[in-house]
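Enquirer: These protein sequence lines map, in sequence, to chains A, B and C. Sequential numbering of the first sequence, starting at 1, is according to my numbering. Sequential numbering of the second sequence, starting at 1001, is according to my numbering. Sequential numbering of the third sequence, starting at 2001, is according to my numbering.
In case anyone wonders, no lab produced these hints; they're calculated from the structure. Each hint should be verified, as a subset may be incorrect.
Result set (DSSO-like, lysine-lysine): computed pairs, CA atoms no more than 27 Å apart in a straight line [as the list claims (entries may be wrong)]: (1) B:Lys-1091 x B:Lys-1133; (2) A:Lys-39 x B:Lys-1039; (3) A:Lys-39 x A:Lys-91; (4) C:Lys-2039 x B:Lys-1039; (5) C:Lys-2091 x C:Lys-2039; (6) C:Lys-2133 x A:Lys-39.
Some chain B residues near chain A, calculated using beta-carbon distances under 10 Å [to be verified]: (7) Val-1075; (8) Tyr-1100; (9) Ala-1103.
Just a few of them, taken from the derived set where beta-carbon distance is under 10 Å, the chain C residues facing chain B [unchecked claim]: (10) Gly-2045; (11) Asp-2073; (12) Ser-2089; (13) Thr-2096; (14) Ser-2098; (15) Ala-2099; (16) Pro-2234; (17) Ser-2235.
In this text the structure is predicted, and so the values were computed from the model without any measurement. Just so it is clear, CB atoms sit at the ideal spot from N, CA and C, and this is done for glycine as well.
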Amino acid sequence: MTKLGRHLLSIDDLDRASIERILDRAESFDEVSGREIKKVPVLRGRTIVNLFYESSTRTSSSFELAAKRLSADVVSVRSQGSSVDKGESLKDTVQTLSAYDPAAIVIRSPHAGAAGLVAGWTPAAVINAGDGKHEHPTQALLDVFTLRRRLGSLDDACIWIVGDVLHSRVARSNILAFTRMGATVTVCGPPTLIPRDIEALGCEATTTLDCLEEADVVYVLRLQQERMRDSFVPSLREYAARYQITSARLRPGQLLMHPGPVNRGVELSGEAIDSAQALIGAQVRAGVAVRMAVLYELLVGVPILAAAA
Amino acid sequence: MTKLGRHLLSIDDLDRASIERILDRAESFDEVSGREIKKVPVLRGRTIVNLFYESSTRTSSSFELAAKRLSADVVSVRSQGSSVDKGESLKDTVQTLSAYDPAAIVIRSPHAGAAGLVAGWTPAAVINAGDGKHEHPTQALLDVFTLRRRLGSLDDACIWIVGDVLHSRVARSNILAFTRMGATVTVCGPPTLIPRDIEALGCEATTTLDCLEEADVVYVLRLQQERMRDSFVPSLREYAARYQITSARLRPGQLLMHPGPVNRGVELSGEAIDSAQALIGAQVRAGVAVRMAVLYELLVGVPILAAAA
Amino acid sequence: MTKLGRHLLSIDDLDRASIERILDRAESFDEVSGREIKKVPVLRGRTIVNLFYESSTRTSSSFELAAKRLSADVVSVRSQGSSVDKGESLKDTVQTLSAYDPAAIVIRSPHAGAAGLVAGWTPAAVINAGDGKHEHPTQALLDVFTLRRRLGSLDDACIWIVGDVLHSRVARSNILAFTRMGATVTVCGPPTLIPRDIEALGCEATTTLDCLEEADVVYVLRLQQERMRDSFVPSLREYAARYQITSARLRPGQLLMHPGPVNRGVELSGEAIDSAQALIGAQVRAGVAVRMAVLYELLVGVPILAAAA
């Protein structure tokens, strides 16, 4: 039987069977989230720490809700209004929080590799909720969940990832997850925003939308406004002219995804966001179920499955 | 039987019978808040989202506590430390949060009409916790609750609302609610802070405290300090000299109210705040019971009432 | 039988028997925190307000977790994003929050004496979580708990408190608590950071580490970076050269403590922090158990004990 490790730091921690198992578990938790009483007692009395060093609505609230729907107690620590402001090192903060004997620490950090460091400093299970430009594995899992539901399987699906690939942890995690699940991936964006060695991850690369119609799924990345200031793109207007995904550029039947938060009118047109092709709401909803499943698999998983076998 | 709509956006959503029903329900929840175990399981496992785009202590903590005392799970999103900082549109934030399938979204915004927009974007029940200068209906309901308890009925009560009426959503909601419950309302403040057409809401207007003794209830509004900077008032000192409510200006038997937070020594003297005539603590306490009642009526109300009938 | 007062404002509120009783209770709650289900229903349905006017990770999350592990509902109010920003007075904020009928208010403030003032304004039990340079009694209790566990008893233990004694509420509370429990205390730091009349608290004072080897316990205080700016110390480098506690300066068998958050490389070397002599993690863990015990003793304590007698 496939086993998860103690942490979820990278999509590379997961083989295809592990991903499938998390998604199957997430299906059952999504059913819980559809009930009037959206709560199961599996983590009652256990403590989950959310440690967020970057602002976030959807990821932090999604993890918080996932933990609460599993009946855990959640302690949220943000860099604003915390001793992080006082210059305490990440290591000392993690060791402090570990003294509460949490079952899991969910960490978001602007620094690539932070989650891996945290895992070395605590006996808790560590879940990477985004570390710099490195990875964001639960985002990739919820995206695979959303697509598997819609397509049945990702095998042979053609997925384009469009935008600022260079700075995107979502792109990295999703290329790994989509290809592991059998899809082919093409990344597309301005030459300044495509890393040179990106093909090493197992995808193709292009700098124009010319062949976009081959995609079954168009996955659009957020363009951070500060990229313009740093001269990665000449202007938002020019970027939008060349790379914005609009309803006109989508062919019927293509699915549209975005990890959020969206810059309306920059990387995506408002019309496209609101179209029936967009799966953005389904992605967010999947986030709660998938994070419940990840917490469950890391903290409870194996013995329960063994008992069920 | 009177029915509430799906949302509470404005006092105009409520006829007198609906208001009375919410207040009756609030009486029973106030009894719960007086128990040692301040908790009933009526919303167990349901999710309430608090979305606050303005700083707030009493309204946000009051809604949070109301939801917790009904055993709901609460997710609080504030503009600081959230993707709202990243410029995500209100619409996208609401659609994101709606994907969690919340029973209700409580929204505070600096923009008039925001709550109404939100109601168009989500299947959740929407409760307006203050939208710009427009309305703050739960404040009005808790004020009516407080007065009904003290006076038995608001019929024919004479209520003065004193201060910055122009910028006050509390003034708008309270004029509507007080008159609907049978009271007569007079607004009083500097000419620059009284809207021209305020009588259209069914009240009188004056610019001096000369006839204040006719009031049964003196409801004092907060004066935002920035009004002086914007030249609505010549100076806080002059404002206080003409409009500050002091113990000397109150006649015995008059009741004193304020929505909080108070500027001590500006619109109210410290002595008046701490006097036995002030109902400010009772207003805050009523806030929890009334918000429990609003959540209950919107989310559970009708079938339970029908069963009880 | 010893009784606690209604509040915990200062270590001076507690005689030795009261401290022992809190520590005994904390032992049983520490056992709860070691279970998989870290929760007991003793405060179910009761409301605890955390009112923090200073940034804090460990104290605020420790109190929050303590309350949640006792099954209480917690409302956290911070100065950022609250009406405290709007200039509301502490008195009005406390009276507002008191209207929720909380069982306890936990208050942290930059102003000495704030907790005592709060106790005069509310019927709730008040717990001082740090008030300016005055006191931080739960920190002292958790430190005594940690040492009692390690040493069996503090009687005749020799404890050095090293660093910025002048600005430290921890130093004040800990001198009082350690001496009350039978230890002898020496404070050590630069002359500018030792208060003139500190011996009045029952301790010795010195300005060099020359005799540090006599200490059984070396308790290091945080050096706030702004002390350099205010010319209390010539430079962090010079401070570290004279007062930093390093592994080389510790003799084998000495115990090392710090209230956190640590400035690595200023008052403590990284090597010392990570050594087996350091009790820093044990202190943090003790914090949850001791705060559970304080909440329990203040809110439930006496009748239960009487029943058990």
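Enquirer: Does Ser-2098 of chain C pass the interface hint, meaning its C-beta sits closer than 10 Å to a C-beta of chain B?
Expert: holds (7 Å)
Enquirer: Just to be careful, I want the Cα atoms of Lys-2133 of chain C and Lys-39 of chain A compared with a cutoff of 27 Å; is the pair within it?
Expert: Violated - the C-alpha atoms of Lys-39 of chain A and Lys-2133 of chain C are around 45 Å apart, more than 27 Å.
Enquirer: Under 10 Å, Cβ to Cβ, is where Ser-2089 of chain C needs to be relative to chain B, so tell me if that hint holds or is violated.
Expert: holds (6 Å)
Enquirer: Report holds or violated for the interface hint on Ala-1103 of chain B, using the least CB-CB distance to chain A and a cut-off of 10 Å.
Expert: The hint holds - Ala-1103 of chain B has a Cβ within 10 Å of chain A, the shortest such distance being about 9 Å.
Enquirer: For the hint on Asp-2073 of chain C, just tell me whether its beta-carbon gets within less than 10 Å of chain B.
Expert: holds (5 Å)
Enquirer: Given the hinted pair Lys-2091 of chain C and Lys-2039 of chain C, is their alpha-carbon gap at most 27 Å?
Expert: violated (33 Å)
Enquirer: Would the hint on Gly-2045 of chain C be counted as holding, given a Cβ-Cβ threshold of 10 Å to chain B?
Expert: holds (3 Å)
Enquirer: Less than 10 Å between beta-carbons is the criterion; does Thr-2096 of chain C satisfy it with respect to chain B?
Expert: holds (5 Å)
Enquirer: Using Cβ atoms only, decide whether Pro-2234 of chain C comes closer than 10 Å to chain B, and label the hint accordingly.
Expert: violated (38 Å)
Enquirer: Does Lys-1039 of chain B lie within 27 Å of Lys-39 of chain A when you go C-alpha to C-alpha?
Expert: The hint holds at about 17 Å.
Enquirer: Are Val-1075 of chain B and chain A close enough, Cβ to Cβ, to be under 10 Å, as the hint says?
Expert: holds (5 Å)
Enquirer: Is the shortest C-beta separation between Ala-2099 of chain C and chain B less than 10 Å?
Expert: Holds, about 4 Å.
Checked against the numbered hints given earlier, this structure breaks hints 3, 5, 6, 16, 17; the rest are met.
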